[in-house]
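Please arrange chain B on chain A, whose structure you already have, making use of the hints.
Here the protein sequences come in this chain order: A and B.
In terms of my numbering, the first sequence has 222 at position 222, counting the first letter as 1, and numbering is strictly consecutive.
In terms of my numbering, the second sequence has 120 at position 120, counting the first letter as 1, and numbering is strictly consecutive.
Treat the hints with caution; some may be incorrect.
Derived lysine to any residue pairs resembling SDA-like cross-links, with alpha carbons at most 25 Å apart [to be verified]:
#: 1; chain 1: A; residue 1: K98; chain 2: B; residue 2: R101
#: 2; chain 1: A; residue 1: K254; chain 2: B; residue 2: K95
#: 3; chain 1: B; residue 1: K24; chain 2: B; residue 2: Q116
Here's a subset of chain B near chain A, in silico, CB distances under 7 Å, partners left out [stated by the list, open to error]:
#: 4; residue: D40
#: 5; residue: F41
#: 6; residue: A63
#: 7; residue: G64
#: 8; residue: N66
#: 9; residue: F67
#: 10; residue: T72
#: 11; residue: H88
#: 12; residue: F92
#: 13; residue: K95
#: 14; residue: N122
#: 15; residue: F123
#: 16; residue: M146
#: 17; residue: W151
#: 18; residue: L156
#: 19; residue: V162
Calculated from the structure, these hints are not laboratory results.
Backbone N, C-alpha and C fix where the C-beta goes; we use that ideal spot for every residue, glycine too.
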Amino acid sequence: MNDLAGMPVLEPAEGAKDQHMVINMGPQHPATHGVLRLVLEIDGEIIVRIYPEIGYLHTGIEKTCEAKFYHQVVPLTDRINYLDPLSNNLCYALAVEKLLDLEIPPKAQWMRVLLAELSRLNSHLIWLGTHAMDIGALTVFLYTFREREDILRLFEAVAGQRMMLSYIRIGGLSMEPPLDFLDRVQAFIRIFPEKIDEYANLLTGNPIFRNRLVGVGHLSAEDAVALGVTGPPLRASGVDFDLRRDMPYSSYEKFQFDVPTSTACDCWARYEVRLVEMRESVKIIQQALDGMPEGPVKADAPKIVLPDREKMKTQMEALIHHFKIVTEGFAVPAGEVYQGIEAGHGMTGYYIVSDGTAKPYRVHMRYPSFPTLQALEVMCKGRMLADVVAVIGSIDIVLGEIDR
Amino acid sequence: MADTATLLGRTAVLEGLPGHPAIKAILDWNADALTDAKFDFGELTLTIAPEQIRAACFTLQAAGYNFFEDLTAVDWFPTAPRFQLSYHLTSFAMKDRIRLRVMLQDADPAVESITQVWAGANFYEREVFDLFGIRFEEHPNLRRIMMPEEWVGHPLRKDYPVEGYR
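Bound conformation, chain A alone (with noise of 0.2 Å):
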């Protein structure tokens, strides 16, 4: 069924041609969070089928890192999901890391958990910022996106960068974080939790959007598990599995928090968990903060890991190992190897091939919004046009990492 433009048309299901209706929703829809597109098929306002329609931002980026160096890959994986762009820096250098049988230090090791879960609660807060504005409470927005401000300040200190970072990479960190920096991710904590209250109360208690998202977009366990769904969209169907506890990574195993979970299945338990779930990355840095270790943050392996600068310009070998380093790059032992993380959205993962030269064979990124798009029609089905805005804003999805 192909009109001829080659796009996928949906027919309205046979007997129902003159009932039913095909419309289309996006690419370019505010409440699609990108360029999503989905072709819906409806009886008067209920949902009958969803197609979604997928690829608009497809760049390639795994066919790119074939024909880069393993250093060179790390700015790529920003890209993807340009919301929460540590988690794809740790989840990149976490997996050549392990083909390479990687020592890291544990400062470097705590600073990745901090920034991670810093890149966590921004990752919540465009979240929370942009659903409680598809719902039409606009206000929320400029309150998250102004405690947003603060974490890209924190990101631009240690990285010099506000998005795209970069910092966290293969061997460590890129450099030392600046000395004053651990001081600010602390006055930012300390103000933080009473900010989660200010948006609680702007939301919790409102009518409207309660309405909006209770009972809305009901997704059961088993539907979830079926379907791939990961992250808070799970738990608040009430499985409790949560990568960073469950198959820990780059020290989690020594932070305590708590998962939270909601067997409601709605919209409104996304919500609800997603608040807890901040709560508990403030926990997390907290933690961090308090038990940073001293030392370096940067692996002992001048083959793999740039050299400081200072020492570049007064050593000889420092400056031929970054010579290498940068023209030719440093081979990988051969093999496979799947590294997952819990980022903001749900489970991430890496599976790298590496054929023992200098460039990877093959990386492939699973990332969690593209299985959760699926079960989208799932969530939606016999429900009104209006809910698909508030279920979509729920599953929070990112086209960057669905495209890829």
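For chain B alone, coordinates are given in the frame of chain A:
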């Protein structure tokens, strides 16, 4: 399972990890379907005969590997067999992840779809079909997902250039 030693080959894995639930389930079901195995980087890889993959997934699902995490392909051009499919399955209860591997020949590569086991494999199989040209039989909607419908070629194949005109 926490053993970090590398075990290569079917016999070594069967001897080294006798109690592993995934291996046990596969052997109890059909020992011939397991053609090869390896354990390296702390990850278990089981190579399954192509015509058995759906039944193997049903078996492992029943054995506790309840979550389908990822599917992708690797093109080993010009060596034969050319294509490798990598399925990643996770068990929420056992907190364990395994990789199933299926090798396919160059000419008209096709394998059974596992959307009957996990509906969530739908998009992944479409992606592999789109970018590698591997068909999944009995897939409910096997059409391109990333590239435009009228696109010619499969970009992630190794004989497809990274830059320049096609």
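Here's how the hints hold up against the structure:
no., hint, in the structure
1, A/K98 with B/R101, "holds (20 Å)"
2, A/K254 with B/K95, "holds (17 Å)"
3, B/K24 with B/Q116, "holds (23 Å)"
4, D40, "holds (6 Å)"
5, F41, "holds (5 Å)"
6, A63, "violated (15 Å)"
7, G64, "violated (12 Å)"
8, N66, "holds (6 Å)"
9, F67, "holds (6 Å)"
10, T72, "holds (4 Å)"
11, H88, "holds (6 Å)"
12, F92, "holds (5 Å)"
13, K95, "holds (5 Å)"
14, N122, "holds (6 Å)"
15, F123, "holds (6 Å)"
16, M146, "holds (4 Å)"
17, W151, "violated (9 Å)"
18, L156, "holds (6 Å)"
19, V162, "holds (5 Å)"
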